[in-house]
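Number of protein chains: 2
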Amino acid sequence: MFEPPIQRLVDELARLPGVGQKSAQRLAFHLLNIDEPDARRLADAIIEMRVQIQLCQRCFNVSASDLCTICSDGRREPGLICVVERAQDIVVVERTQEYRGSYHVLGGSISPIAGIGPEQLRFRELLARVEAESINEAIAATNPTVEGDATALYLARLLKPLGVKVSKLASGLPVGGDLDYADEITLGRALIGRQQL
Amino acid sequence: MFEPPIQRLVDELARLPGVGQKSAQRLAFHLLNIDEPDARRLADAIIEMRVQIQLCQRCFNVSASDLCTICSDGRREPGLICVVERAQDIVVVERTQEYRGSYHVLGGSISPIAGIGPEQLRFRELLARVEAESINEAIAATNPTVEGDATALYLARLLKPLGVKVSKLASGLPVGGDLDYADEITLGRALIGRQQL
Numbered sequence: 001m002f003e004p005p006i007q008r009l010v011d012e013l014a015r016l017p018g019v020g021q022k023s024a025q026r027l028a029f030h031l032l033n034i035d036e037p038d039a040r041r042l043a044d045a046i047i048e049m050r051v052q053i054q055l056c057q058r059c060f061n062v063s064a065s066d067l068c069t070i071c072s073d074g075r076r077e078p079g080l081i082c083v084v085e086r087a088q089d090i091v092v093v094e095r096t097q098e099y100r101g102s103y104h105v106l107g108g109s110i111s112p113i114a115g116i117g118p119e120q121l122r123f124r125e126l127l128a129r130v131e132a133e134s135i136n137e138a139i140a141a142t143n144p145t146v147e148g149d150a151t152a153l154y155l156a157r158l159l160k161p162l163g164v165k166v167s168k169l170a171s172g173l174p175v176g177g178d179l180d181y182a183d184e185i186t187l188g189r190a191l192i193g194r195q196q197l
Numbered sequence: 001m002f003e004p005p006i007q008r009l010v011d012e013l014a015r016l017p018g019v020g021q022k023s024a025q026r027l028a029f030h031l032l033n034i035d036e037p038d039a040r041r042l043a044d045a046i047i048e049m050r051v052q053i054q055l056c057q058r059c060f061n062v063s064a065s066d067l068c069t070i071c072s073d074g075r076r077e078p079g080l081i082c083v084v085e086r087a088q089d090i091v092v093v094e095r096t097q098e099y100r101g102s103y104h105v106l107g108g109s110i111s112p113i114a115g116i117g118p119e120q121l122r123f124r125e126l127l128a129r130v131e132a133e134s135i136n137e138a139i140a141a142t143n144p145t146v147e148g149d150a151t152a153l154y155l156a157r158l159l160k161p162l163g164v165k166v167s168k169l170a171s172g173l174p175v176g177g178d179l180d181y182a183d184e185i186t187l188g189r190a191l192i193g194r195q196q197l
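Order-wise, the sequence lines are chains A and B. For what it's worth, the numbering used here labels the leading residue of the first sequence as 1, then goes sequentially. For what it's worth, the numbering used here labels the leading residue of the second sequence as 1, then goes sequentially.
Careful: at least some of the hints might be erroneous.
As the list claims (entries may be wrong) - Taking CB as the label site, the calculated pair distances span:
#1 A:G18 - B:A64: 26 to 34 Å
#2 B:L169 - A:D180: 41 to 49 Å
#3 B:L153 - A:D11: 34 to 42 Å
Claimed, not checked - Far from chain B, some chain A residues (derived; all Cβ distances over 10 Å):
#4 A43
#5 R58
#6 P78
#7 G117
#8 R129
#9 Y181
For the record, the hints were derived by calculation from the structure and aren't laboratory data. We put the beta carbon where it would ideally sit given N, CA and C, even for glycine.
Construct all of the structure, not just a fragment, from the sequences and the given hints.
What follows is the structure, encoded as structure tokens:
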């Protein structure tokens, strides 16, 4: 329909998550109409990121060097580890400024439907770290989903026998939210986890 | 916040129309997590498009060569020209399979608010074509907006004295739409343009 070089870009853009055929066309023509250096900067940023970013050899966070900025930071609390599904979850936990330990990226969550068991995730690497780094506390910061909860439970079963204290993030009402809008599962968990005043 | 190569890509993605900060982060991590050749294909498609696509020297459509596929097609009806705001509008008109003439891309619409007058658009090039190609009919396929209508009106004032028949696309109810959902301006135009049965 479009000239082949445009159609190829439309096809590539339409592969991106949340980008439909129509948005892909709009984006392609935007990239055609802006100044060439601006379009080139986006292409370069993709390539540069793929060239420069690797996985941290210790925690599997995204990193521009062998060890990520958190693992290279000598002031982080030793013995405490926060286990997340994906690297991008680390930034979210960091933003709270409530956590000072290290991280471990599993690379996903246990999902029998998607055929992902513990052996497809980085539990082996985690076990090695628990031993090598004398970890005594682990926090499962997995998503509040069936898969995330199953992963947290698996983590607890794996680490508790080794004497590691394991917890998971509290479920409850989002701060600033409205009770009216809370679904019954969230509200149920908020009740079970109610805090003494 | 993120490692610099990731943050740079997030920033570039967030410049795209309709892509917010959060979507840009999600897209950047998607491009980090997929296979490297897949990410590289998107970057290459952007560069390739910018290198290969130019403007047709006759109608200013996007083109992989000096003349676009429509201008190179000897079977198109001579003397008839369809004036559009942007190159991407040509594909939309072509899809109707109701038009067999040539096109002319103005490069936008007259908008005093945005500081765009007729001299910023390709009216001069259009006048040259009207003379050189003995154009006797022009259709303004501009957007049904204040700016698009003003542009169509300007086109009519410019070409009518030269003996060119000028029309613009009909405004009215979208086919398959619901009368209930039509805004009053569209419905008003549908009434004014009512067709004898």
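The hints, checked one at a time:
In this structure, A:G18 and B:A64 meet the distance hint of 26 to 34 Å, their C-beta atoms being roughly 29 Å apart. Checked against the given bound of 41 to 49 Å, the beta carbons of B:L169 and A:D180, roughly 47 Å apart, stay inside it. The beta-carbon spacing between B:L153 and A:D11, approximately 39 Å, falls within the hinted interval of 34 to 42 Å. The claim that A:A43 lies off the interface is violated: its Cβ sits roughly 4 Å from the closest Cβ of chain B, which falls inside the 10 Å cut-off.
Every C-beta of chain B lies more than 10 Å from that of A:R58, the closest at about 15 Å, which supports listing it as non-interface. With a least beta-carbon separation of about 23 Å from chain B, A:P78 lies farther than 10 Å from that chain, consistent with its non-interface assignment. Annotated as non-interface, A:G117 keeps its C-beta farther than 10 Å from every C-beta of chain B; the closest such distance is 20 Å. Distance to chain B confirms A:R129 as a non-interface residue, since its nearest Cβ pair spans about 21 Å, more than 10 Å.
Under the 10 Å C-beta cut-off, the non-interface status given to A:Y181 relative to chain B holds; the minimum distance is some 20 Å.
Of the numbered hints listed earlier, the single one contradicted by the structure is hint 4.
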